[in-house]
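Protein chains in written order, with my numbering: chain Z, 24 to 385; chain F, 6 to 799.
Note that these hints are calculated values from the structure, not bench results.
A quick note: this is a predicted structure, and the numbers were derived from the prediction, not measured.
Treat the hints with care, since some could be wrong.
Said to hold, decoys possible - Only part of the chain F face toward chain Z is listed, based on derived beta-carbon distances under 10 Å:
| # | residue |
| --- | --- |
| 1 | Arg506 |
| 2 | Thr521 |
| 3 | Ser524 |
Even glycine gets a Cβ: it sits at the ideal position worked out from N, Cα and C.
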Amino acid sequence: MEKNITDIIKKAKELSLNLKQEINHIKDLKEIDLIKIKYTGKKGLFTLLLKSMADLNNDDRAKVGKAINIIKKDIEKIITSHKSLIENKVLNESLEKEKIDISLPGRPVLRGGIHPISKTMDEIISILGALDFNVEEGPHIEDDYFNFTALNIPEDHPARQEHDTFYMHGCNKKKLLRTHTSPIQIRVMKEKKPPIKIIAPGNTYRCDDDATHSPMFHQIEGLVVDKNISMANLKWTIKELLASFFNVKNLPMRFRPSYFPFTEPSAEVDIGCEIEDGKLILGKGKKWLEVLGCGMVNPKVFKNCEIDNNIYSGFAFGLGVERFAMLKYGITDLRMFYENDHRWLKHYSFRPTGFPNTLKGT
Amino acid sequence: MKFTLSWLNEHIKLNKSEIQISELLTNLGLEVESLDSTNENFKNFLICKIVKTEKHPNADRLKVCEINYGKENFKVVCGASNAVEGLKTIFAPNGTYIPGTNFKLEKKSIRGVEGDGMLCSEKELGFPEKIDGIIELDNNYDVGKTLNNYVQNDFLFNIGLTPNRGDCASVRGIARDIAASLNLSLIKRNINSKPGTFKSNLKWDLGSLNDINDCPLIYGRYFKINKNLPSPSWLQKRLESVGLKPISSLVDITNYILYDIGRPLHVFDASKINGDLKVTCLNNEEKFIGLDKKEYILSKGDIVIKDNEKTVSIAGIMGGHNSCVDENTKHVFLEVAYFSAHRVAKTGRRLGITSDARYRFERGIDPKGLIEGLEYSTALINSICGGSFSDYVEAGNSINLIKEIKYDFNIFEKLIGFPVNKNRQKDILDKLNFSVIKEEKDVIYLSPPSWRHDISISNDIVEEILRLEGYDNIPDKEIINDSSKKNNLFSLSKNTQINIRESLAKLGLLEVITFTFISENKIIPIGELNSSLKLENPISRELGIMRNSLLPNLLDIASRNFSRGIETTNIFEVGFVYEGVGTEDQRSNFAVLISGNAFKKNWHYPKRDFDFYDMKSLLLNLFDELEISKFDLVRTTNEWFHPGVSAELVYKGKKILSFGELHPSLKNKFKIKQSTIICEGSIDKICEILGQVKEEKKLNISPLLPLKKDFAFIINSNISAETLIEEIKKVDSKIGEITVFDVYNNEDKSELSLAIEVEIIQQHKVLNTQEIGLLMDDIIKTVEKKVGAKLRTR
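Just need the whole structure built from these sequences, with the hints factored in.
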């Protein structure tokens, strides 16, 4: 009797061993099913073996049954895991066939962009906007009064000669294309009461056309009028603007005396730079580069705008947008801004990322 | 304003390097625009010796010389007869800038022989010409050295003078500012102190001036000179050092004094003058030939100098050719005048004469410097031209320009933001030659120096103190904001401009920025140009009028792109157009242009051109981003567009924009061949819509699946697809989105087949077959009845 038990277990182990050997040669799912039938099917080898246990007594059957069941589970496990192995292989083979050339181009998409002048203006506006300046605009076709006279530039003033002015036809030189954004100062001061804290971006025009001058260009004007505004406030504002715009920490900056009829005292502002291998590097070196003009609002201008300069003081500044764009983005030819050459635009335009946010630093 | 360091040193003793002086000047507001070493370029010229000469193989008059420069030998082709073996001379290698003839020496072959450079003549180096041929050097020069070792060095400063600082349009003026800053004193010039030996044959007459301020004071002196030869070399060199051309002793002396002390002078040939000279205001227009031999038309109101028969000078601007000094001049009359800045500016600007005299007069000259100018020039004329001179003559009265400016010492800190004590302020003003008229506690009454016409108010005085104290000392102080008064950063208009720009760029269009003036020929509709928008003085006819539309510039770009082989143009501009010269006539617009290939050649789908529907979806996307809906598209009669392939977008009866295919007749005008779709819209009108209260949208999400049913209808071509869709929408509230998925015309284009998918939203319950059938029948019946459409049967 003992012998019979051991025989059955031995046989079962043998079967299990055989299966392991056999299954390793199997390559497809059909064969795996056949193997399954061969061993565990209704008439399978293992099933037959189990049936042979019927001859045993209950005690023995329980003993053998336990051992055999473990082996049976093992066999089933082997079959299933080998099956999924093959399934995986089959899937991988079919996926391999579906392989495409990933190097082929995708469908064309048109790429848009923002002109570097707009981008530069937006950046400056957002920096100053964060300092609580508001944006004002004014007409491009201006009155002589706002462009010159009210700004303390009377008709025979030599400063007028520095403004090559476009005049409108048949208006007896009374209407002109504004030569700077400063007339907006006058318009705002005549309209609003202090405190005033504005910037005025926009087109400006001078009758000058060569490699370094464009008949139309862009400026941004700043004006602050309030009680107790000093040149120290001006210097702080300009420092904030330049450091933030050029994104250079401790940007060397120089204020030096200059002259504008509408500000007194007046200053021009230079930033430190260096030319290395023909490339301009801002923020270090011994060269100075002029970037903007500014000063304290001339009391004569206040008078023209009926603001009492015993109570109020103010400062103004003006900068050239093209110059700022050229310095920051390494654009060397001023005239290309208006050529709108497709290749140039594609190179220098900016992805539309929404209005720049000073908090993001873009 | 140009001057050299050596010239400056004649006025002030400075123990500073040229770099230090340059920084000092810039910090004083006299910006040094350039600083050049005058012999910098001479470093490139080499002292060498001719070691061998041979006849040029292809030219009889030329020689091929071998020259030695210390360790190196060069080959050079030379035509000078004095180029002989053993001669020590100057060699300029290829690439050297030749100052005398103002060109850069390039490598080239001369009759088949290529040399390494050239041998130089005196003229080529900009030296006085003493001999023919190339320079001959003596034993003081060593072969192997460069020429700069033998030419005295100097530094040329070029100052960008601001219009207020006329007082610094002279070497002494600049020295004066330096003296104030460094607390130094100026070196005085030697001037004449002797009286004349005879009475002047000519006198001044100011009697005919209506306004004595046009010429309040004038001096004159008569000279009988021995000769008016070329001036001595020291004087020529001085003038040349600042870029002036020497002419003759008399002219050079006046130019020299003008640059030296800022005093304009004029010399007449007295023998060409008939009777006394009067300063007068012209009553009539007249022609005048200037010293430059050009003809000018003088007008009524110009201040001139006349003798008994003719105009001899435009006061303070330019002398006349009819009375100018020349090499035969023996009798000279010197003019030392004070002319009104305003008159000189006005006439000078109208005539377009930019003379050194005008430059100084219109910025204001020192009214107290007339006698000095007179006696300084007398000394120089007498010593250089010899002869004798008369007592001076004068007319007019001394000029009283005393201004009294009230200045409160406290204003400095208030305006600048840091304190400078009272005594320091007073000290600075004293150094700058301000005189104190009266002094109270914190207030002082000042008179500025006679040469500072630009100082009239407290702020000017603050700037003077700040200039000397140093702009570097200004601290930086944050502005304290009243945060309760926060306004919007932008106006609605500016905000909308930026939003439209962003949206269009996101939709795949490149932003362009173009000039706001265009050619008159490009104003559409043709013949409807507003001539008040023309420029009086345009750069060119192409830029002659303020634009009424953004489209012409965009079309020009498309045309240019195409001619450059760029097949796709996808651009937009957000800018301004002008309906008139008034402030209200400036309009904010945007325009889009898509032209050529809709996408580049690819392997996914066939190439096609941009069409109307590309633009339509662009614009609908834009309006979606702007959150504007409920507008209508109607056909347009706008001249820009193909009448059949264009539309305008209307909101509550207002036209917002129009778009469509460029009118075929305009294609030629703009030199455009490819298919081009354009759009122009009004941002002002969009702002009006955005300014209105928005309707609230309701969100309705049904948990049930929507049904989709397809139909194909045949309709008359005159009926728009939209009419059909709108009718279907009205059939039942359950009808959702309607999608057109196929369109085709029959052969004669009289009928159109439209295939549509209708979405049926199951709001509260699932519809059964019968209910769906009824709804579909309803749709079919409605379109049959309302638009005459028939269901297409298969």
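* Measuring from the C-beta of Arg506 of chain F to each C-beta in chain Z, is the shortest one below 10 Å? -> 6 Å, holds
* Interface hint status, Ser524 of chain F versus chain Z (Cβ within 10 Å) -> 14 Å, violated
* Supplied contact hint for Thr521 of chain F, tested at 10 Å Cβ to chain Z -> 6 Å, holds
Checked against the numbered hints given earlier, the structure breaks only hint 3 and satisfies all the rest.
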